[in-house]
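Per numbering that gives the first Met the number 0, residue 0 is the first one in the sequence shown, and the count goes up by one each step.
Bear in mind the hints are in silico, worked out from the structure with no lab data behind them. For each residue, glycine too, the CB sits at the ideal point set by N, CA and C. Watch out, some of these pointers could steer you wrong.
With a straight-line Cα cutoff of 30 Å, these simulated DSS-like cross-link-like pairs (lysine-lysine) come out [as the list claims (entries may be wrong)]:
(1) K145 to K164
(2) K43 to K79
(3) K43 to K29
(4) K79 to K29
(5) K184 to K43
Just the calculated beta-carbon pair ranges, DEER-fashion [to be verified]:
(6) T1 to N125: 57 to 63 Å
(7) L68 to Q31: 43 to 49 Å
(8) L123 to A14: 41 to 47 Å
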Amino acid sequence: MTYPHPLLEDEETLATFQGWTEEVYRDFFKVQRGEISHEEFGRKYYRDRAILSVDMTGLTTSAMQHGELQSLLRILDAQKVAIPVLQDFGAELIRCFADDMVALFVEPNAALDAALEIHRRVRLFNESPLASEFPTLCCVGVGFGKVLAIGPNLAQGDEMNRASKLGEDIARGNETLITERAHAKMAHRADVRFELQDKDDLLFPFYR
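Generate the whole structure from the sequences, applying the supplied hints.
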């Protein structure tokens, strides 16, 4: 049975919707046509990176209870605090969307150090006269491993998915969670205590 509807298969048009670049779309089509292998695609786009995924507490609740502008001002405050930290610790990419921030680092120790410093500075900010009446906290997920350098964050794949899941859905305010791959690179650290979380109802084990 053939598909009865038109398909959008023009790389230039697809790229205007800002999912991937025209070159990436072209290479995906080549993979589908068998013109290049998955391995060739990977050699072109894979790289090792540490991912730091930051979410903020209470966006939906604050919007409902205190108004949309108040909730957005909470995001502004968190960005004002967190982005300088990410820059200080050498993030090579920083992207913000709604109450999420994503940063990429060459190695995971810098990502973890940045996460801990974000929590510290957010706490200090919230204790200062600059804080709003309804301050936010940050929730962080950290991953490390091979990611495809494609898309707006230049990091797509399993490790990005895991770091985002930890930061956006599982971590609570003022908490940092890391993937197993990130932990394998940082388990030697004497200044941090890692606690394995591997209960049966979890999608995958991780460390708090």
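Structure-inconsistent hints, enumerated in ascending order: 2 and 4
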